[in-house]
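Order-wise, the sequence lines are chains H and U. With the first letter of the first sequence counted as 1, position 31 gets the number 31 in this note's numbering; the numbers rise by one all the way through. With the first letter of the second sequence counted as 1, position 10 gets the number 10 in this note's numbering; the numbers rise by one all the way through.
If you're looking for bench data, these hints aren't it; they were derived computationally from the structure. Check the hints yourself; a few may be wrong.
[Stated by the list, open to error] Computed from the model, here is a short list of chain H residues facing chain U with C-beta under 7 angstroms: (1) Arg41; (2) Leu44; (3) Leu46; (4) Phe59; (5) Ser95; (6) Gly100; (7) Thr101; (8) Gly102; (9) Arg104.
[To be verified] Derived CB-CB ranges, DEER-like: (10) U:Ser7 / H:Pro7: 14 to 24 angstroms; (11) U:Gly28 / H:Gln42: 18 to 28 angstroms; (12) U:Asn52 / H:Pro7: 14 to 24 angstroms; (13) H:Arg104 / U:Glu103: 16 to 26 angstroms; (14) H:Ser12 / U:Gln41: 15 to 25 angstroms; (15) H:Ser52 / U:Ala2: 21 to 31 angstroms; (16) H:Arg3 / U:Lys15: 30 to 40 angstroms; (17) H:Phe14 / U:Thr76: 42 to 52 angstroms; (18) U:Thr115 / H:Glu54: 42 to 52 angstroms.
Heads up, the beta-carbon is just placed ideally off N, CA and C, and yes, glycines get one too.
The primary structure of each chain is shown beneath.
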Amino acid sequence: AQRVTQPEKLLSVFKGAPVELKCNYSYSGSPELFWYVQYSRQRLQLLLRHISRESIKGFTADLNKGETSFHLKKPFAQEEDSAMYYCALSSGTASKLTFGTGTRLQVTL
Amino acid sequence: GAGVSQSPSNKVTEKGKDVELRCDPISGHTALYWYRQSLGQGLEFLIYFQGNSAPDKSGLPSDRFSAERTGGSVSTLTIQRTQQEDSAVYLCASSLVAGGSYEQYFGPGTRLTVT
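Model the full structure from these sequences, guided by the hints.
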């Protein structure tokens with residue numbers, strides 16, 4: 001069975017501080033990992049996916065198969081980064097996403 | 001273009017009643033998914049449709065839940081004899097085709113409250 005774990009329900013950081021949102025997964029095959037974000041009063045949207053190896057809004061995430069992790073990082077947090085972040089996994093052949101419980105990022109001045 | 005739309009946005013119903021939730025996917029998207037977000041929990045997969053293939057119903061929590069997709073477009077999620085534990089936000093998503101690498105576009109959700 002596949003599982004995604006986000007150990008922190010809430011992460012509060014100061015503006016300009018580094019951010020790391022943790023995500024660990026369990027899956028026996030080759031997973032595809034995603035980060036989705038939900039800003040206040042907006043719908044859930046894709047932030048980034050590991051296969052793209054891209055940086056979106058200053059965020060990056062590296063898939064570490066040895067540690068089965070896909071942590072989301074940003075060197076300098078901005079107020080507009082405050083949102084709910086969900087890590088998700090897809091097995092590739094099966095389209096359904098398995099989500100973590102989410103981490104609320106709160107960036108304060 | 002228009003995104004995924006869902007209706008109603010909010011639904012309050014009495015325990016034991018049936019409810020229907022509607023999803024209009026992005027035009028041209030062949031894959032459609034339903035998820036549920038309960039208080040304090042992550043998003044839980046319910047069912048997905050891909051074209052004319054048989055749907056993957058593996059996430060439906062009980063036989064009170066069913067879904068259909070007519071004409072490869074609009075989908076309806078039906079919950080019969082609602083229970084209080086069915087209270088949640090029900091999210092619909094669509095993607096161009098099914099497959100892990102394709103982005104899923106989410107609707108705004110329907111908040112269901114069972115009293």
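For which of the previously enumerated hints does the structure constitute a violation, in increasing order of number?
1, 4, 9, 10 and 12
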